[in-house]
Structures are given as structure tokens and as C-alpha cells.
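Residue numbers (this note's numbering), protein chains in the order written: chain B, 1 to 505; chain R, 506 to 843; chain D, 844 to 1196.
Calculated from the structure, these hints are not laboratory results.
Warning: the hint list may mix true and false statements.
Just a sample of chain R residues kept apart from chain D, beta carbon distances all over 10 Å, derived [claimed, not checked]:
1. 648
2. 708
3. 761
4. 814
DSS-like mimics (lysine-lysine), calculated; alpha carbons at most 27 Å apart, straight line [stated by the list, open to error]:
5. B:392 with B:334
6. R:543 with B:122
7. R:705 with B:277
8. R:732 with B:111
9. D:889 with B:401
10. B:8 with B:190
11. R:839 with D:1063
12. R:543 with R:705
13. D:1129 with B:325
14. B:260 with B:334
15. B:60 with B:31
16. R:839 with B:181
17. R:708 with B:73
18. D:1074 with R:837
19. D:1062 with D:1129
20. B:371 with B:20
21. B:327 with D:1074
22. B:81 with B:163
23. D:1074 with B:366
Bear in mind the structure is a predicted one, so any value in this text is a computation, not a measurement.
Just so it is clear, CB atoms sit at the ideal spot from N, CA and C, and this is done for glycine as well.
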Amino acid sequence: MEAGVVLKMKGICMEFPGVKALEDVDFTLKKGEIRALMGENGAGKSTLIKCLTGVNKFQKGEIFLDGKQIINKDTMDAQNKGISTVYQEVNLCPNLSVAENLYIGREPLTKIGTVNRKEMNKRAAALMKELDLDVDVTRNLEEYSLALQQMIAIARAVDMDSKVLILDEPTSSLDDNEVEKLFTMMRNLKAKGVAIIFVTHFLEQVYAVCDGITVLRNGTLVGEYEIADLPRVKLVAAMMGKDFDDLAAIKPENTGDKRKEPMVIEAKGISHAGTIKPFDLEIHKGEVIGLTGLLGSGRSELARAIYGADRAQTGTLKVKGQEVKIKQPIDAMKLGMGLLPDDRKAEGIIGDLSIRENIILAIQAKAGIMKRIPMAKQIEITDKYIDLLQIKCASRETLIKQLSGGNQQKVILARWLATNPDFLILDEPTRGIDIGTKTEIQKLVRQLADEGKSLIFISSEIEEMLRTCNRMAVLRDGAKVGEIDECDMNQMSVMKAIAGGEKNE
Amino acid sequence: MKKSKISSNNLLLLITIVLFFVMYLAGCGVYASKGFTKAQNFMNILINNAGLICVTAGMTCVMLTGGIDISVGSLIAMDCMILAVGIERWHWSSPVLMLFILVIGIVFGFVQGFCIAYLDIQPFIVTMAGLFFARGMTAVICKEQVSIVSDKIFTALSNFKIQFPFGGTINKKGVLVLPYIRITVIVALIVVVAIYLMLKYTKFGRSIYAIGGNQQSATLMGLDVKKTKLKTYMLSSFLTSIGGICFCLNTMAGTTTQATGLEMDAISSAVIGGTLLTGGVGNVIGSLFGVLINGTISALVKANGKLISSWANIVTAILLCFFIILQSIFAKIKESKK
Amino acid sequence: MSSLKKLTQKRLFLPIFSMILVMLINVIYDIACGNMPLQFFVITIKNGVLYGRLIDVLNRGSEIAILAIGMTLVVSSSAGTDISVGSVMSLYAGVCCMILAGYGNVNVSSYAHPLLVGILGGLAVTTICGLFNGLLVAYLNIQPMVATLILWSAGRAIGLLLCNSQIVYVRVPSFQKIGAYTGIIPTPIIVAAICIAIAACVLKFTALGTYIQSVGINKKASRIAGFNSAKIILLTYIICGLCSGLAGMVATSRIYSADTNNIGLNMEMDAILSVALGGNSLGGGKFNLAGSIIGAYTIQAITTTLYALGVSSAQAPVFKAIVVILIVVIQAEPFKVYMKKLTAKRAQAKEAA
């Protein structure tokens, strides 16, 4: 047993039907340490956390808490053993007082068995004071800002004698000031000897508060580092899957300068409160623009603001030189746009409908409710795309929810291709699908561009973007921070741009 | 970070209380000649609505969890019918019957609560089935109206008056008439106080609020959500049965059409009293005022004399609509603030 | 075994199965009573019109079938039910009879206004009721059942008000005809058939069905794909209001009076039950109109059978309530999981043996 180690996870393997989510992952946490757990989408961060808290049942591996092997049945069990989790969405009750939120389920009782509100308020106030929070504990939780709610959630966790505190993206919806307050609290806790696992996407924050970093990629452990040993660019490299030293520049095929082509999209000062700060963007005919940045950097949000999925609150948008107002997606579609959303299940597929119905959905929406597309035409279109995109299915009437992820994605892609769009936004089109399909989709993107269509391509994999994009826009912390031209595009430059700030090199 | 003392939720309750006084005072002004200013007029509103107060207390608990129970009116009809038939045909003694009815209420609530909490079926569907079941059962027990005449205890309870030593008026014959209430009003007020304390000071009560606030959070904080919901529906049916006895003490009869639409009165009272349809906010004191508003509307329509009784229904529905829309707007404002 | 499983998974299995079950009960009942075994299916002509229990079911089931059309769409798009339909039917009766008889008249044998004005006036009012419900649900995000609760209570009350709390009789043959016979066929059957045909055509020749299902299954994805979810939901409630009006039209003409207290009483239950019995999930999404229609007639067959068995109309809800609970329990996810576990355990036990 190493000195000071609170939590040790060894050789964790976790398999969902058909997918290896975690393979032989180790994780070590010392007393009074703040350790960042990092990785891109699908790296296995949340799966690892869920294994630790008992939500997921892992197949192989061991967990030691204070040197004793433990198995957690569920989150309650984990909590009782001293492992608490605070999630991104505040999991408290907004309609109850702060004190109640701190003590519900374990309220101090009076002699006759009723809740002793006085005692509860007293204890709560003491706890708030101890943690240096300026809160009136008798007020309802909803009267406080999200940051304070977040901290109250942490206070609840801490008060339950936590040895290990897991903070799962607690800062996503906080502003800089609030983040700073949260950090102060984390440092206080650290001084008290609590070990913290900090899951976040914001690099700045990792370097501001953490002592160590554990990086996961594709369900495997990349490494456990001390903060001093891992400058930003190396961290990005570790997360994105290239060793810093053998970053062989993959020279993309030269596609020529598209900026002489007519402008298709011209966005000026477009923004959506809370997700993307005002940005400018120009897209030309036949151009593929890559949006790069870490998850939560605003790369999806930028595209959604253009498409009207999140209605833009400021700025002007010109499509083919004409100024337009887009209130909702159908307006954008009528202008020849399409959006393949990143959350396939929540925003892409209509699960209980067949492949055919899913494919014709967008053209039907454009045609309007009165003009039903004749069945013969529907079948023709469906068969064409099943054939073209090689969608593997029993028949065109198979329900889309029965298909594999890759084939579902192809169906959604077919939905948009069927509308013959001039401008298509693909948000993580290759996530969670097999290599073969990935390459097919990349090829298709190039092919569409050659046909004179314009595209926005969003991906977590830099290599994939290098292969497909003419130009890249870089986003960080909800703002567009720059563009990279084709001649400057390589792994190294992109990673540097994503990482931002040179101070840690 | 300064916040105004009155949150939107308190505002709803405040609107209700003000509305009640405005309505009542308006009634006093317009219908003074018909005895609206007499203390007994107010007592009559309490007496007429004692059963409804009990039912609404239960409904408030259910609605606080984010659910709804529309079976209450039918359950009351069934209770009254069992009481009437039990006394007149089966010749049971009334205390035993009353106990029997309370047990039926608990069982009825258990079945509904089980379907809702453990089988995850929409409360509305379950309690609607409950509504039709109880209403049909009333007819199965007896198809015609049965009046209660033969039980001495029951009749005595029904006729028992509790007079106030003050607030009397002199009637035409020059005799001092003191205002009085019935025993049902005492029962109803005890229920309100008990539920108020239960909601505020017991673990069960606080769990109800927590579930209504955020069910997922409640689960994560280690509360037994399913069990709490089950208990809440049982409580609702239990209180409805108490309300049923009060109701029967007023009408002294059982009919198949008794208390039709009472669920509507209970729901609207709770909503008007500041209980959010989405759950988590509201209290039983507000609901009491909601019932009083409902009662005042009926009293006003009655005092007018020319208006037909369905006006009371329409006005209540309009009020309900108004408050539902108000709640929805408040919810939207709250959301946009975030 | 596997073929049986396949059969039970067919979409129309539930409604057709229940229909056959009800018919079987009738056959058994007839045998027990010493009637002809197939009495239920015998259609004769008496007094110049079709006569028989089957015709009775088709005739009396017209209102439920019409309501089932609207209810199916509402359930599909909004995952909630419109409980105001029965009340709105009664409101139609109030409006229509008030227009036809003139306000305050209780018993007339000639029209105060043309028949068409009465019918259209009634339908217009019920459509507005649908619009009102739809606005609350689609644009104010109020749970469907709570939103429709308002009209559930107020609809009947307004109807009563329009008729001055009395039963208004309109004793004019052309008014009665809608509820009586055209040639030898009961007119309600024809009205229901026309409604069903129109609904089927609309679903076949426009994209309404795709829109509604898509919104009902996944609102967010539908929006991204270019549908205006709120508008679609609103539309289904308007259609439901119109259907309630049409059902009210049949019910009113049948008794040529506005008996606002009784027209459409408990009809919401029957309408919801037919949707559930039709194999549609009350959780919204995919729908099958044919199923709901068969479900509607099955409900009527159950009612008719209950009456034949000597159960009064006041008692019948007991049985319907039990049927509703059985159906929703079978549909409930925890129940399915439990059953799956049970069958798995049994299979294991078999293997062990």
C-alpha cells in the first residue's frame, strides 16, 4: 500500500453489449489531491466514474478504498462508504430550503419523531460558515445562483464524511467569477484532506486547480501524470491520440483556394446566450469548414445558432448574399440547409419509425403537410440511399432503432442528402461508428464538396478533419478564437490552437 | 445577492387570499339583504364544504408530488352509499361502518398508489379508472337513493350543533340567534391542521415536497420515492373517506350521482390555493382558502337566486383556467431568468 | 409457440382478439339462454329497418368511433388524453338545440333557425373548444389532462346554461333523422363511416400521420428535421374538438333533445379505452387508427353485452374500469420487465430439470 493513497482502481474492464467501454484501466488518488480525469467523448470517463459509484457493474477489476477492497452496489452504497458525486446538473430540490437540501433523508429528529427544523438550520448554518459560504440556510435553494447551488451540493456531499469527492463537469454552466469561487472551495476541501476527482473539458481550469491528470482515450488509460509534467499541448495530444513526438504531419491533399468562389453563408456577430459568444464566419461554395475545439468549446453551438436549432439572439446572417432571418430549423431548411446533430438518439432518429419514414422526413417537412410524397417516390428515394450509402438493414421498413449506430447515422445523412442541400452541417458524424463507415463518410464529405456543396464538419478527431476540411475555425470556451488556413493545417498547429495560451509550455 | 421577500409562489397564495376577501366583501355589499353579512353565512360555507376541505387536503398532498387523483368524487359517492345502505339495509352500527369506510379508503388508495408508484402508470389514467370503478360500484351496491333515518348515533352526529357564545344576530321574532358550526367542520379543521403539521414537520411530509421538486434528485438523495408516492395516494383516499363521512353527515343519504365533479372542485381549490400542478410548491392552508373561494362562489350564486347553479361551475372553471395560465407564465419567467 | 408469439405481436392483435372474445361471450350467453347460438350476428329487417344486435352495436358505437379518431391523434401527438370530449359533446347539444329552438324555448316542433346553422354553429363552438385545449397544451406546456380538465367541467355547465338548465326538445323530423334511419340503415352508422373514411383519406393522402407520429415520438428530433411541433399538437386538439362535435351531433339527434346532463356522460372513458384497446400506447408516438376504430366498436359490444346480461348503465363503468386497468398494467414497462424475468426464470428451471 502506497503512502497517502485513498482510492485505487486496478484493471477495470467494462463491456457493454458489443462495445468495450473500458479496458484494463487503473486509477490512483491520493489524500488531499485534486486529480483531473480527462478524455474526449467516448473515452470512458463517465463509465469509469459510474463503475466507481456502483451505477455500472464492471466485469473485471478491483477497487480499493483506504486499502480495503470494496464493491459498491449503487450510489447510496458508495456514498455510505465515503464516495460522493456532484453532477453537472444540480441534483437538489429547488423548492426546499438550503438546510433541507443539506439534510434531507437524514434530518435531525425531535423526541416525538418529527423533523427538528431548528437543529437542522443550526447545523446547516454552521456547515455553511465552515465552508465560507454566504448563504441564508432557511431560504429556498432556487433563490441562489447556479454556482452556489453547485457548492451547496458539494457541501452536502462533504458533510456526509466523504473521503473521495467526484465533481462531474460542475463548471459547465458557471461564469468565470463563479468558477473561481468553486475553486476556492475545492482548495479548502483539499486542505481538509478530501481527495477530489475533477471531470472537466476546460483546460484552463485543470491547470488552475489540479495536482494531477489522468487521461483516458477509447476506453484505455493513456497515462497518469503530475501537472508539472504535462504541458497543455502534450495533454491535448494525449487526449486526441497522437504522441507528441511522432506527430508526423499528414499533408492533406491540396484542394485549392475556395475563397474566390461565391459566398454561401456569411454570419456576422451571431450569438446565443450562454452557449456561444458573437462570432463571424464565412463559408464559400464547395468549401468544407472544420470546427475544432474541445467538447463544450462551442463548436456544436456555433453551428446550431446558424441553423436556428438554438435561435440566434444577435447578429445578421446572409445566405447567398441575401440577409435572412431564421427563427426555427424549417426556415433554415427552406434556404437549403441541413443539420446532422451530434446527439443521434435525442435529436436525430425518430426511433419508432421505419428507415423509409426517417429518410423522407426532411423532404416531407419541406414539401409541407398537404403534399404527401407518394409511396412510390418514397420507396425510390429510400432504396436509392440504402444502396448509395450501403445501409445494412433487413428491409426499408425496419425500425430505425433496431439498426446499429453507424447505420442509423447513415439514415440521418440520407435524410439530409435527399433534400439536396446547398449547405450541410455535420456535427460529429463519425462518433461511435466503426472505422469502415467512418472512412465512407469522410469520402462522402469530400465528394459533396466537389459537387459544389458547402459543409461544416465537426469532429473530435483532428486527423479526420485534416483529411476533409479546406479551412478550420478554432473555438475555445464558447468563443471563436481564430481560423487556420489549409497550408497551415497540421496536427501540431491545430492542437496548439485548441490548447491556447502558451504559458504551460 | 438581494432577493425580494415575496417569491412568485407566495404571490400566488397572496392573490388567493386577497381574492377571497374581495369576493366575500363584495358579496356582503351586494347581498347584505340576503344575510351575507351574518356570521352564520360564513359558518354555512364551512359547513357545506367540510367534506371538500378534507378531500382537498389529500388532493394537495398528491399534487405536491406532481400527481393527481380524480377518483375522489366517486369515492365519496361510494362511501355515502355504503353508509346509507349499511345503516338502512344491512343494519350495521354506524361506528363500525365508519371504520369500515376508512379501511376501504386505504385499500382503494393502495391499489391506485401501487399502479402509479410501482407500475409507473400515469396517475390520471389510474385514478380515472378509479373514478369509474367507484361510481359504478355505487350503482352496484344500490341503484336508488337511500336516506339515513334509523341510526341514532349517526343522526345525533349530524344534528349536533356547536354554538358560538358571540356574534349572534336578532331575528325577526326578536330572538338572539347564535352562529353555530357542525361537528364536520371540527373534523375538517383538525384534518387541515394535522396535514399542515405533517407536511412541515415530518420526514414523510418533506419527502413529498422533495419528490415534487425534483424526483430524480430525491432518488439520488436516498429517499424512497416509490414508497412515499404509494403512501401519498393512500393518504389521499383515506382523507377522501373522512370527507365522505362528513359529506354523508350533511346529506344523510346515498345516491349514485352524489358528489359528481367534486374532484374538479378539489383540484381547482388546490390550484387556486397556490399548489403548483407540476408539484413541489403549495400548502394546505392555501388549499383551505381555495375551498373557501369555491364555497363563496356557490354562496353568491345561491344568494342571487336567479342564476342557475351551473354558473358556479363555470366561474370555478374560469378561475382554474386563470390560475393554471398564471402558473405557466410564472414558470416561464423563472426559466428565462436562468 | 413462436408462431403464437408472432401473432400476439401483430399490431391489430389486441383489438381483434378482444372483439372475438366479446363475441364468444355473446354466443355462450345465447346458448345459455336457449337462443340460437349465433343470435348476435343475425340481421333481420323489422318495420322496414335493419334490426339485430350487431346492427345495434354498430349504431350505438358511432359516437365512440368518431371520438376515437380525434382521441387517437391527440394521444399520439401529445402523450396525453383529452378528457373534455364528453363534456364538449354535451356543449354541442346545448349550442345546437339553443340555435334551433331559440333561447328559452323548451319544446319546439319547428326551427327558429335553419338546421344547417344549428349544426355548423355547434361544430364551430366545439372546434373552438379544441383550439382552447390545444393552445394550453402546445403553447403553455400544461399537461394535457389538466388543461382539458377545465372544459371537462365547464363544457357541460355552459351547455346547461345555454338551455336554461332544462332539456330542450327539437321535434322536427329532419333533425331527428341524423339519429334515426336513412332508408333501412341507421344514419349514425353512415355518419361514422363518412368520418372514418375522411380520416383515412386525410391520413393516406396527406403527410399528417407522419407529422403527428414523428412529433409524438421525438419532439426534439422532429424540430431539427423541420417540423413545428407546437402547431402539430394544436392541430390534433382542434381535430379532436371537431370530432367531439360530430359525435355530439349524432348523440343529440338520437334523442332529438339537448339533455346536457346525460349526453356524452362518461364518453371520455370510452374514447380513451378504445385507443388503448386498439393497441396504441397511451404514452404517445405510433398510432393505428384502424385499431382504435375496432377498439371503439369492441367497447360498444362490451356495453351492449353488459346490458344484455342485465347490468345497468350506471353499473357498467365498473367493468370498463377493470378493463382499462388491465390494459395499462399489461402495457406498463415495470410489468413487462417483471414478466420477462419470470419467463426467464421458468426457462432456467426447465433447463435445470
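Here is what the structure says about each hint:
The Cβ of residue 648 (chain R) sits about 6 Å from the closest Cβ of chain D, inside the 10 Å cut-off, so the non-interface label is violated. Once the 10 Å rule is applied to beta carbons, residue 708 (chain R) is consistent with being away from chain D; the minimum gap is 25 Å. Separation of residue 761 (chain R) from chain D is inadequate, the least Cβ-Cβ distance of about 5 Å not exceeding the 10 Å criterion. Against chain D, the non-interface label of residue 814 (chain R) is violated: not every CB pair exceeds 10 Å, the least being about 8 Å.
For a cut-off of 27 Å, the pair hint linking residue 392 (chain B) to residue 334 (chain B) is broken: about 30 Å separates their Cα positions. A hinted pair counts as satisfied when its Cα atoms are at most 27 Å apart, and residue 543 (chain R) with residue 122 (chain B) does not qualify at roughly 48 Å. Of the supplied pair hints, the one linking residue 705 (chain R) and residue 277 (chain B) is violated, its CA atoms being roughly 45 Å apart against a limit of 27 Å. Of the supplied pair hints, the one linking residue 732 (chain R) and residue 111 (chain B) holds, its CA atoms being roughly 24 Å apart against a limit of 27 Å.
Between residue 889 (chain D) and residue 401 (chain B) the alpha-carbon distance is near 55 Å, which puts this suggested pair outside the 27 Å criterion. At most 27 Å may separate the alpha-carbon atoms for a hinted pair to count; residue 8 (chain B) and residue 190 (chain B) meet this at roughly 18 Å. Taking the CA atoms of residue 839 (chain R) and residue 1063 (chain D), the gap is about 22 Å. The hint holds against a cut of 27 Å. A distance of roughly 35 Å separates the Cα atoms of residue 543 (chain R) and residue 705 (chain R); the hinted pair therefore is violated under the 27 Å criterion.
Note on residue 1129 (chain D) and residue 325 (chain B): the hinted pairing is violated, with a Cα-Cα distance of about 34 Å set against a maximum of 27 Å. Between residue 260 (chain B) and residue 334 (chain B) the alpha-carbon distance is near 26 Å, which keeps this suggested pair within the 27 Å criterion. Under the criterion of a C-alpha separation no larger than 27 Å, the hint pairing residue 60 (chain B) with residue 31 (chain B) is consistent with the structure, at around 25 Å. At roughly 24 Å between alpha-carbon atoms, residue 839 (chain R) and residue 181 (chain B) fall within 27 Å of each other, so this suggested pair holds.
Of the pairs offered as hints, the one joining residue 708 (chain R) and residue 73 (chain B) holds, with about 25 Å between alpha carbons and a cut-off of 27 Å not exceeded. A threshold of 27 Å between alpha carbons decides the hint, and for residue 1074 (chain D) with residue 837 (chain R) the separation of about 19 Å falls inside it, so the pair holds. In summary, the hint linking residue 1062 (chain D) to residue 1129 (chain D) is supported, as the alpha carbons are separated by about 13 Å, within the 27 Å threshold. Straight-line distance between C-alpha atoms of residue 371 (chain B) and residue 20 (chain B) comes to about 46 Å, which puts the hinted pair past the 27 Å bound.
A hinted pair counts as satisfied when its Cα atoms are at most 27 Å apart, and residue 327 (chain B) with residue 1074 (chain D) qualifies at roughly 15 Å. At roughly 8 Å between alpha-carbon atoms, residue 81 (chain B) and residue 163 (chain B) fall within 27 Å of each other, so this suggested pair holds. For the suggested pair residue 1074 (chain D) and residue 366 (chain B), the alpha carbons sit about 15 Å apart, so the restraint of at most 27 Å is met.
Checked against the numbered hints above, the structure violates hints 1, 3, 4, 5, 6, 7, 9, 12, 13, 20; every other hint is satisfied.
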